[in-house]
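Q: Now for the letters of each chain:
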Amino acid sequence: MTIQTSILPLAAVLVSLLASIPIMLSHRVPNLREGWTLLAGFAKFAIVASMLPAVLAGGGYQWVIAQALPGVPIALRVDAMGLFFALVASFLWIFTSIYSIGYMRSLQEHAQTRYFASFAVAISATIGVAFAANLFTLYLFYEMLSLSTYPLVTHEQNAEARASGRKYLTYILGTSIGFALPAMLLAYAKAGTLDFTLGGILAGKADGMTVAILLVLFIFGFAKAGVMPFHGWLPAAMVAPTPVSSFLHGVAVVKVGVFSILRVIFYILGTGNLAHLNLGGVITTLASVTIIVASLVALTQDNLKRRLAYSTIGQLSYMILGAGMLTASGMTGGILHIAMHAFGKITLFLCAGAIYVASHRKYISEMDGLGRRMPLTYTAFLLASLSIIGMPPLGGFLSKWNLVIGAVEGGQYLLVVVLLVSSLLNAAYFFPIVYRGFFIQPQDAGANAEVREAPLLCVLPLSVTAFCSLILFFWPSVFLGLIQQVVGP
Amino acid sequence: MSGNLHMFVMAAPLVGALTVNLAGRASRKAVLPLVLGFLTLSLVAALGTMAGVLEHGAFTYTVGNWQPPFGIELRIDHLSSLMLVLVSAVALIASFASLQSVAKDLADRQHHFFTLYLILVAGLHGLILTADAFNLYVLLEITSITTYGLIAMGRGRAPLSSFNYIIMGSIGACFYLLGVGYLYILTGTLNMADIAARLPQVNGTVAVATAFAFMLVGLWIKMAFFPLHGWLPRAYNDAPIGAGVLVAPLMTKVTIYLMLRVMFSVFSPQYEFFQHPDVQNLVVWGAALGIICASALALGQRDLRRMLTYIIVAEVGYMVGGVWLANGTGLTGAVLHIVNDALMTLCLFLVAAAIISRNGSLAFDRLQGLYRRMPWTMAGFTLGAFAMIGVPPTCGFFSKWYLILGGIEARQWPYVVALVFSSLVNAVLFFRIIEIAYFRGGKGHGHDDHGPVTEAPAMILAPLLVSAAALVLVGLATGPLVSNLIAQFVPVF
Amino acid sequence: MGGFGAEIVAKYNYWIYVLLMMIGFYAMIAKRNLVKKLLGMNIFQTAIILMFVSAGVKHGAAIPILDKHEVLEHGVHAASVVNPLPHVLMLTAIVVSVSVTGVALAIMQRIYRRYGTLEEDEILEKIGE
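Residue numbers (the working numbering), protein chains in the order written: chain A, 1 to 489; chain B, 1001 to 1493; chain C, 2001 to 2129.
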């Protein structure tokens, strides 16, 4: 149970941030530039993974960057929950990078240097959020992520992209400054510290009303988690290139939102305190409404990426729902779903991108029969959607199973109904896509003649991530081991 | 005692002013090295003074050895040494850009301009140092008169703006002098510490309250505290760019410092905060209202510099409100914000100077594609914008942290809301510009993707980048800054 | 009425300054002609100067020019000399006031040369706002 001071967490954060410099400098030599991106990706994952044994053994690492405020330093600390998220994010980032290279090159996108540099900064910020030792450091990296993803969302630079970028910033920055920042300061004023402490820092220091206000402010303040009514940026951000969407939804942005909310619930507000004050219902109500409404809206979307976006909104609230149950299984399910959904959703987005690269089609109604021309992509799509729906033998089953157990443990049978209904809805919006791909012939018989699988750099990542969803069902032990340290046995 | 190093801080620019005036007549080339030389000297002396205070603590100094309360006393404590460093550093950094732009715009009047510039700097140092209420009035007018002159050198309607500033500024100064007169009649002395010692004997009288009100309102006019801000946007916008980079970051901030001096060295927190809680509430609400209104007005501007002038007015509300929260956290935030806001404003006015030097205009619709044409300038702009919005780890975040925290402690919710609102407005303001300058004018606007890079001259760019870097460095150094310097000043409530 | 009236009579000098100040203040704020504004400013400043000076007045006191030997032997009898400090201060204040007036006049000249008028409304019209 020793926390050792080590530069490893800082190195994990910095490696891609520093890589953005050679990336910008080598803008004339694309191969070298992409080399830096990949190198940083592998290095980052290696550093993160190297911390695993110590953390699994109950230890940790810490590093103080600067004493920016008296008593509230900018500091990193690696604990089980942070490492869990960092592992998922840095692992998936490698695939996003490989895929990005294939995607950007085959579409001959402009401003690729800016794109890769912003990407590098964004993943640094993500790891920073994961390893933040206190709420202030988390906020710092959260904002850094918001700002570095803005150029990615606005990548196309046309009127639509600019409008989306504006919407993205309005939601993300508006809520973080308007809700999260005051909430953080209020918490500091009450507790006198912002250090993440398992069990919370506010127990006995703030009355029920204050904690309730804080809870709502934090849930809405971290709008990256897309809890309704602050979800509007997610569908809008779909104008970005597909690798960006997968980064936004799979690896980083939305997960950072959820992760921040979970961090706050577990380590600032404290589950025990919330249970004592009877505030779990606030969380579960907000999450349940989002889950059901988002799933219903997803049914109506014809644009594939928009449908996936609404699906994401719903799935994110699963994680928050799990935390809100305030039971061990519920929390396990919630945290585990971060990883399971990440692997599933990144696969789905990569598939959507591969379909676009191969056929330039965006709408589900145009995708009849494509599955036969792109069997690998569509198989991956099927696996990933099964995982998200929560079918065995895929990873998503484990997290949903834990969620259901958690709801039963807590005697919250209404939540069981919510989970079941929404799983049905998930199936209802995913299966038609696969069905159309494999079993419906296009009206114009020759329409798909030209379509072939996307380039290898696109197909390879999505196959691997889909396969991972499968593996995670059988070997989730690493993740479960980490989660156990957070929620207890 | 660390000798009389602090006298050099003030004397260097003063001697410099005379030398520049004389030498500048003989040769234009003499202006640049002289200005830089004397300002560097001043900065070095200021740093030395600060080191001395950090080592030996605060001290007072009697000019010409005339003992107070008869002679003029100077007070050098943690706060004033911090202000000395701030003013001399900003003056030095800004002078590079001033030298460049004045050589272009006012070629034949360079030495006149820099005579005023240096006297202004000397006056600001004097204001920081003095511990005498009347002396403060004289120095206030010295800085104001030089500012009037500097602003009137601008183009277009600058003389009219300057004249309106004279009228408003004189009203402010006269109010202050009137308040001093009341105090003198009541206590028979002008030395701040002496007044403070004798005030309790006459405490609670209407006359004391009148004196306090006059002095405070006078200073509020000078610092453009909403709704007494009418003169500022025009005056700062019409000033020559070389004057704007000095005047905009420093004048309002030094006046805030003067308000602190009047409130804490002449009067006491006990007097202004706790004997009249209604007044205290009223001022904080006024500050909140001012922040909101000035931010809203900034939203209506379509020109970078005009927008900045309204932001300055809003920031004045931050600081006045922070001081009047009547707790240590708010006061710490206000003092910290004096430093931070000076640096942010400096950075953004230098950006304005850089853009003007190449682009000729600061109107929003002329800023398209600037990120490609002036990448370094716009990098500095981005940092400045982040600081204004309050994105960590830039310094703007940290003072806002203390200010909001102070507001929460004092339960002044309108003020907290106003700060958050203003941060949001700043985000809108600056991202609007970033969007225009970064994402517009790319495809199909006549510029190809790798258009010519026409970066600002080094004399403007270098100080710009220095000030932008300072935003982050000062932000990261907030901890030491607060505990070593600011906390020494903040009284215990 | 009696008390208030007596108050006014007893401190009539201060009431006069208040009146002067108000006149000056009115002119600075309300007049649209730049020269009148400036005149108002001077009246305002003069009123304050007068206030300070009369604060130093003592009935029956002499001017503060003292004989060094006598002071060293007998000390100063404070009631017998006028307090010189306010006068000295006001000399400085007058200098300040003259300087401001000078700068203002110079700027006014520039305005007149450019716009041919000193009426604020007409100037604004010519600027085109």
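Just so you know, the hints here were simulated from the structure itself, not pulled from any lab data. Note that CB positions come from ideal geometry on N, CA and C, so glycine has one too. Fair warning: there could be bad hints in the mix.
[Unchecked claim] With beta-carbon atoms standing in for the labels, derived distance ranges:
| # | chain 1 | residue 1 | chain 2 | residue 2 | range |
| --- | --- | --- | --- | --- | --- |
| 1 | A | Arg452 | B | Ser1361 | 46 to 56 Å |
| 2 | A | Gln4 | B | Ser1361 | 55 to 65 Å |
| 3 | B | Arg1411 | A | Gln4 | 47 to 57 Å |
| 4 | A | Ala159 | B | Glu1455 | 25 to 35 Å |
[Unchecked claim] Reference listing, derived: stretches of chain B covered by chain C, where coverage requires no fewer than 3 residues with Cβ under 8 Å from a Cβ of chain C:
| # | region |
| --- | --- |
| 5 | 1028 to 1037 |
| 6 | 1152 to 1159 |
| 7 | 1162 to 1172 |
| 8 | 1375 to 1389 |
[To be verified] Calculated from the model, a selection of chain C residues having no Cβ within reach of chain B, i.e. all distances over 12 Å:
| # | residue |
| --- | --- |
| 9 | Tyr2012 |
| 10 | Asp2067 |
| 11 | His2069 |
| 12 | Val2071 |
| 13 | Leu2118 |
| 14 | Glu2120 |
Q: Decide, hint by hint, whether the structure agrees.
A: Going down the list of hints, with the structure as the test:
Separated by about 52 Å at the C-beta atoms, Arg452 (chain A) and Ser1361 (chain B) satisfy the suggested range of 46 to 56 Å. Remark: the range hint 55 to 65 Å for Gln4 (chain A) to Ser1361 (chain B) is upheld by a beta-carbon distance near 57 Å. Take Arg1411 (chain B) and Gln4 (chain A): their Cβ atoms lie about 42 Å apart, and the range 47 to 57 Å is violated. Remark: the range hint 25 to 35 Å for Ala159 (chain A) to Glu1455 (chain B) is upheld by a beta-carbon distance near 29 Å.
Counting residues of the region 1028 to 1037 of chain B whose beta-carbon sits less than 8 Å from any beta-carbon of chain C gives 0, not enough to reach three: the coverage restraint is violated. With a cut-off of 8 Å between beta carbons, the region 1152 to 1159 of chain B has 4 residues touching chain C; three or more are needed, and the interface restraint holds. Only residues whose C-beta sits within less than 8 Å of a C-beta in chain C count toward coverage, and the region 1162 to 1172 of chain B has 6 of them, enough to reach three; the restraint holds. Only residues whose beta carbon comes within less than 8 Å of a beta carbon in chain C count, and the region 1375 to 1389 of chain B has 0; fewer than three means the coverage is violated.
Against chain B, the non-interface label of Tyr2012 (chain C) holds: every CB pair exceeds 12 Å, the least being about 16 Å. At roughly 20 Å, the least C-beta separation between Asp2067 (chain C) and chain B is larger than 12 Å, which holds for a residue marked as non-interface. With 12 Å as the threshold on Cβ separation, the claim that His2069 (chain C) sits away from chain B holds: the shortest Cβ distance comes to roughly 21 Å. Distance check on Val2071 (chain C): its Cβ is at least 15 Å (rounded) from any Cβ of chain B, clearing the 12 Å threshold; non-interface status holds.
With a cut of 12 Å on Cβ distances, Leu2118 (chain C) falls inside the contact zone with chain B, its closest approach being about 10 Å. Glu2120 (chain C), annotated as away from the interface, has a beta carbon of chain B within 12 Å; the closest lies near 8 Å.
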